[in-house]
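Residue numbers (our numbering), protein chains in the order written: chain A, 0 to 289; chain B, 92 to 434; chain C, -10 to 260.
A few of these clues could be false.
In silico SDA-like pairs for lysine to any residue, Cα to Cα no more than 20 angstroms straight-line [as the list claims (entries may be wrong)]:
1) LYS296/B / GLN75/C
2) LYS140/C / GLU161/C
3) LYS140/C / ALA184/B
4) LYS406/B / PHE60/A
5) LYS296/B / GLY88/A
6) LYS262/B / LEU117/B
7) LYS140/C / LEU415/B
8) LYS296/B / LYS140/C
9) LYS260/B / ARG381/B
10) LYS406/B / ASP90/A
11) LYS296/B / ILE91/A
12) LYS262/B / LEU192/B
13) LYS140/C / GLY411/B
14) LYS260/B / LEU164/B
15) LYS140/C / ARG121/C
16) LYS140/C / ALA417/B
17) LYS406/B / ARG84/A
18) LYS262/B / GLY285/B
Honestly, the hints are just simulated from the structure, not real lab data.
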Amino acid sequence: MSELIQHLVNALILGGTYALLGIGLTLIFGIMNVVNFTHGVLYTVGAYVMYLAVAALGLNFFLAFPVAILGGLLLGAVIETVLLRPFRGSDIDTTMLVMIGAGIAMQSALLWIFGGVAKAIPSPFPETPLQIGPVSVSWLRLFVLGAALVLIGGTYALINRTRLGLAMRAAFQDADTAALMGVNTRWIDTATFAMGSSLAAAAGALLGPVYVVTPQMGGLAELKAFAIVILGGLGNVTGAAIGGFILAIAEELGAGYVSSGYRDAMGFLIIIAVLVYRPTGLFAKAERIG
Amino acid sequence: MTRLAPLALLAALAALPLGLGTDPYLLNALITTGILTIGAMSLNLLLGFTGQLSLGHVAFFGIGAYVSALASLGFEVEVGFGLRVVHEPWPAAVGLVLGTLAAGACGYLIGRLSFRVRGAYFVIVTISFAEVVRLVALNWVELTQGPLALTNIPAVTLGLPGLGYWTLKTKAQNYYLVLAVGTLCYLVIGRLVGSRFGRAMRGLKENESLAMSVGINATRTLTVAAVISAAMAGAAGGLYAHYLRIIDPDVFLFATTVTMVIMVVAGGKGTLMGPVVGGLIFGLLPVLLRPVMAPEAQWIVYGLILIAILFAMPKGIVPGLRALGARRRPASPVLEVNPAVQR
Amino acid sequence: MSALLSVEHVGVRFGGLVAIADLHFDVNPGEIVSLIGPNGAGKTTAFNVMTGFLRPSQGEVRFRGTSLAGLPPHEITRLGLARTFQRTSVFPDDTVFDNVMIGLHRQGSLMSRAPLLDTLLGRGGANERRLRERAAALLERVGLAGRSNEKAGSLAYGEQRLVGVALALATEPAMLLLDEPVSGMNASETRVFVRLIRQIRDSGVTLLLVEHDMPLVMDVSDRIVVLNYGRLIAEGPPAAIRADPAVIEAYLGQGSAARHAGAGAREAEHA
């Protein structure tokens, strides 16, 4: 029983960062109709910015985190402006291929710059974990969960409480009409991509100190983000948030009770289950066919 | 002219080893290029002719490689409930066929599963599938040796009873085997896209609702295309395994899929010659780049080239050149072949 | 005589929005029936239900006595019910001729038991020749023979609609649903199209039209079904529909019904 609780607590912590990844990806898909194949690299970039700031520049851990988010935000804005804006009006396959090209170039650049050796980010938290009854949680992981929840809440507030969020929701409903109503859809696209990127970078900056940082770490994170987004329904923000936690639970329980080698296969099993039973995602309303 | 180009290319490729002598490095690059080009042709059947992007194409390639290798190496595994499965080695040629069939069967499963819905789903299902297969290859150590790799895979032996048998040990022999399989795949794809089945694929790609309304079964057509495409990728994987004679879970790397995608997009998706032209260029580019830059830097260049091609020549090299040719000869005669089948 | 197509109490709701409330009508063999109504009345939605592109929330459609419930579009086409589309009626990147060749998909399957195998073995030549002859004949029939080698996407809008009709005819339907077939056509093209409609009917094909061009509707229809806000408000021959106060009110708004009733009645007497 206590083992199960421990697994669920671990899942909750992992789920927060998964939700960040998923929300970022689903926002970009829902508003811009772009399948973002740089998402994994942005996650990696977040971790490397964190590493550079803390280990190389000696910046305070808690200051480095917002720097990593800012790094993702800026890089996302640059990617959108330089690579996606020239392809506005292209079909989804073309932008997807552009993003694949950008992703592979950026990942290789990271490998070229930093080499393949894993880097560790020193954490300022005490080594001894917090013990509550039979469950133990490291302070670092608690911080990860807290920060993820704050960012998820912030994203919701931004979408639902601000003028930018209103314009984003309008563009999500119908980009053409939104443009006619005077919404600057170019600016919305840049803001959306930057925001989605910053969430991916934040997830990387949070999990980087928990695990280690490598140039390839984003590949798996990207696959998981896809699984989460399918689980929640393409373009569904709340679905992605819940989907992140579901995937984390499935992975934790799968690794704990089935086989740790297949932990990362859980996402695919979930995709299969969703496609068989609810092709439009768990949280989608019945959609029109044809 | 356009009908002669593929024949001329085939003749040139067949004569190439004679001209090159037996430089093993170059011949090796040509064989790998040929194998990847077969993969690119199979990917093009889906991406170019049905508009469905299979980003886990390397899964079919790797399944073909592993099944073919395991069939010809033999294995003994515990499958649970105290049951053991023992397989005695079969000839490599049989392994190749089995690998092709196994990959086709996986194509069927993936197709049935993901063509229920359109859009980005197929992309994501295929990419996740590739990852899972890689995890299986990595973790099922009893069967696959995991990261230690399957070694001593036998070379392909061809022949007929009464005529004699040849084991393809030299690079030149393998080169001709790859060239023969590639030519066969080219001909099969050519037949398919010029037929009723090819028209159904094009119809679905251009206007799916309209295609369904004239009686085209969308799910069936796309699934059949996925099966054929996956089987061809599997055949390429089998060739790879018996040529290198060693495979590890790295055959499932995403980068290999990306290479195939670049070959198709650069050469011209939806054309027969596109993947061949793109395959030759991007298969042999590493030979040119190797002296000047590190592999990581090469990949940066590949990524940027993909973006540049999408920007400057979104239809690819072959259609681009054809458009250039058409501009030079404004009074183009009516094509004698079915004009929709672009060569 | 039993109906060819029966729409039986069909309702369609998208979330809370009622697109079709309760639609119920029959089309008899050999008839030309028009489905009319103001924009957003649910006409195209009704077509989508009849051809399997949309599942109704209630009710069902029967064709030649067979329920179409749950059948995908391509199987409904196989039963002999074909349609055209309002906006995208062609395969834009192919030539007009190849468009019709794609449309002959079904005929190709009737000629051979294993078409894919025939293709790979190179045995399909004779069938291909026959299909090409049929395609040429169909283009002749709709008056597009001269456009065979042009890209369908580059044709004028009105001509694209004719390609759409040729595609639907290629399936050899018993009944044809035309969704706003003359939109984008000028007056003379429309006149030619009316002749085509009659000729299609004379060849034994039953027709159901959705159309906004009222003179055309009144001219060709044997019967008219009027929809408004997803409800059937009138059904009958053109003369009766023209005089129906409910129809006039639906089209011209409240208050005008009384004024137009008299005029409509007078017109009906003349017709």
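Outcome of the hint check:
no.: 1; hint: LYS296/B / GLN75/C; in the structure: holds, 19 angstroms
no.: 2; hint: LYS140/C / GLU161/C; in the structure: violated, 24 angstroms
no.: 3; hint: LYS140/C / ALA184/B; in the structure: violated, 46 angstroms
no.: 4; hint: LYS406/B / PHE60/A; in the structure: violated, 48 angstroms
no.: 5; hint: LYS296/B / GLY88/A; in the structure: holds, 18 angstroms
no.: 6; hint: LYS262/B / LEU117/B; in the structure: holds, 10 angstroms
no.: 7; hint: LYS140/C / LEU415/B; in the structure: holds, 19 angstroms
no.: 8; hint: LYS296/B / LYS140/C; in the structure: holds, 16 angstroms
no.: 9; hint: LYS260/B / ARG381/B; in the structure: violated, 26 angstroms
no.: 10; hint: LYS406/B / ASP90/A; in the structure: holds, 13 angstroms
no.: 11; hint: LYS296/B / ILE91/A; in the structure: holds, 14 angstroms
no.: 12; hint: LYS262/B / LEU192/B; in the structure: violated, 26 angstroms
no.: 13; hint: LYS140/C / GLY411/B; in the structure: holds, 18 angstroms
no.: 14; hint: LYS260/B / LEU164/B; in the structure: holds, 17 angstroms
no.: 15; hint: LYS140/C / ARG121/C; in the structure: holds, 17 angstroms
no.: 16; hint: LYS140/C / ALA417/B; in the structure: holds, 16 angstroms
no.: 17; hint: LYS406/B / ARG84/A; in the structure: holds, 19 angstroms
no.: 18; hint: LYS262/B / GLY285/B; in the structure: violated, 34 angstroms
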